[in-house]
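Engineer: Protein sequence lines, in the order shown, are assigned to chains A and B.
Read in my numbering, the first sequence has 183 at position 183, and its numbers run on one by one without any break.
Read in my numbering, the second sequence has 1027 at position 27, and its numbers run on one by one without any break.
Any given hint could turn out to be false.
Claimed, not checked - Listing some non-contacts, in silico: residues in chain B with all C-beta distances to chain A over 10 Å: (1) 1025; (2) 1029; (3) 1033; (4) 1067; (5) 1069; (6) 1103; (7) 1243; (8) 1252.
To be verified - Quick look at which bits of chain A chain B covers, simulated, 3 or more residues with Cβ under 8 Å: (9) 199–211; (10) 244–251; (11) 295–301; (12) 343–352.
Rather than coming from a laboratory, the hints here were simulated on the basis of the structure.
Think of the CB as a built atom: it goes at the ideal place given N, C-alpha and C, for glycine as much as any other residue.
Listed here are the chains, written in short residue letters.
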Amino acid sequence: MSRLDRAKAAALRAWLWWASRPHRVRALVRRHRLPRAPQPSGVRVTAAAVQMELRLAASAGAFIGQVAGLTADAIGRGAQLVVFPEDCGTALVGLLPGIAGGGPHEDVDSAVRRLAGPGARVADVLAAVGPALGRIFAATFSEIARATGAWVVAGSTMLPVAGGVGNVAFLFGPDGREAGRHVKCHLIELEERWGLRTGDDLQVYHTPVGRLALPICMDATYFETYRILALRGAEIVCVPTADPQPYNVWKALRGPWPRTQESLVYSVHACLVGRAFGLQLTGRSALFAPLELTPDASGVMARAASADSQEVVVGALDLQALRSLRAHHPALKALRPDLYRRVFPAVYHQYRARSAGGRRVWAGSSAPPAVGEGRTAPDRPETPR
Amino acid sequence: MDRRARVRVGLAAVEAGASDPAAWPEVIARAVHRVAADADLVVLPAGTGVLALGAEGVRRWEDACDAAAGLPGLPAWLRETCADLARSAGVYLLSGTALVPQDGGVRHEAWLFAPDGSLVGTQAQTHLTPHERALGLIPGDDLAVFPTPVGDIGILIQTDLWIPEACRILALRGATLLLAPVAVPAPYPEAHQVRGLWQQVQQNQIFGVECGLSGELLGVPYRSRPAVCAPCEMTEGESGWLARGEDGQALSAVVDYRALQAAVDRYDIFARFNYRLYERYLPAIYEHL
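Hey, can you work out the whole structure from these sequences and the hints?
Structural biologist: Put into structure tokens, the structure is as follows:
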């Protein structure tokens, strides 16, 4: 990078830091007349999954306007808990001068290289501008929560975290304070290429609207995520999502819905939709419940009508019914801690040790020795009786 | 071992209560031979051994375990019957399930036979609901993977199919083909199957076969939803269903291991495990139960 380029980058960071002053952002939020959320009752919670269109924001005010409009819709329909999608903070990348200059089909890697030079990765750019964009993001949702008195899961945005840049979700309480955060623990291939880091913790937040958790998108592909959260007490799992592929009802079913059924929680699934950087983002935001708590035994309480348009999905979650179901559900009673104590985590390590660099290989003659041909002894078939 | 790249699986249809209870060996033999002609592997549903108990005059599930404990010779007889069937049909055969007296109780077991009639392995149901325990069942100790030319086979019996830990253990141990003999009380809504076999296959990226009992057994009506599942990307319409049948239908499908490897090569869920996270919480988290 030339001296001139370094000077330009420093000037941009300085301008962004000035433009992201929290009191300025909060003032912009307060220009919107937002309704107040109903007080929580403790046993019944109205939740909203916000299906938000990704629009690169030309200004902080434009981003705030979009968020405020969606929040007003949710609160107007009684929501006490409002969940925004994964990567909704990406809209703020639009503040970077020239970011959209490559046209609507330019992928994000190319855009980053065009702006930051050959070899630059998304994480490199976000390490530099993420703190300022993150200030706008956090102040926006903090003030939205304070103004409405709702609990708000601010979707996620990419920010510097320990050891690099992570995909971070936030929870804000009705007083506007940050009540929790989660760093995505399972990345998609695209995020790995961008240079993001994974988190390695799962927390549950006790609130008047239930015990909340906020894993992000791909985290919900793994039963481990939900099982850990549910056994730590989670009742409502909020899942901000951004799925960069054409919508298919079956493929979309592989995330929070089965996890909801396995671990017996509610899920609030909020999807980012739209097109940006050559990506098509799709998803039908939804509220999921165990089959036993939905009258049609579908496990779906409410779902967005489309997979590509902005929409707010609202529904009531009965925490008492969930607690009662969990207390008596036969599948939970069937779990085998004694077996898991013997098997976990060794079975993961054994898998890792014999996989090809973490990758699975089985088929045909190229397969590694199979169980029974020299792998782990406990895997051997039982002796015929 | 010479592994086959493509394997045809036959799902036998067994309707309980449709014949004289004493005719259970013929019922099972007919069901196997109906799908065995072009199959490499045939799967029978759960409850095949309980049909035999019906022939001994057992009429209620509440009496089944006691009756099984009083008939210690029955499992050997069942095994011989299934071994003969595997040999005569020239297929790998999953026996369905039987109640097998063990020290301190009765296990719900399945047996896998080779085409020469030899026993490849035994798997007992590992996860029991309170109702199943009340019937007198005791759980199996572990989940095994059986390497065969027709796949590295893991067996999930009944409740095991709805427990993600069970399928994950098998997949981590190298299972490529999950066989699930079940007997699910009617009406068995589709969503209940999706939260069982279908999603286990999706999150572990392996093949799955569910073979269920239909008809009425010991006073309980059962509904089968025979199905073969694969990762969505390998199936028509990306649905995850390689083949599905209606209640009481036999079914047949080909599982292609090279195609499975290609699908996993394109996107490998296991390659993105967060080992640090699992190490931190597993198995300690289960103390919260």
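Engineer: Hint by hint, work out which the structure violates, then give me just those numbers in ascending order.
Structural biologist: Those not satisfied: there are none.
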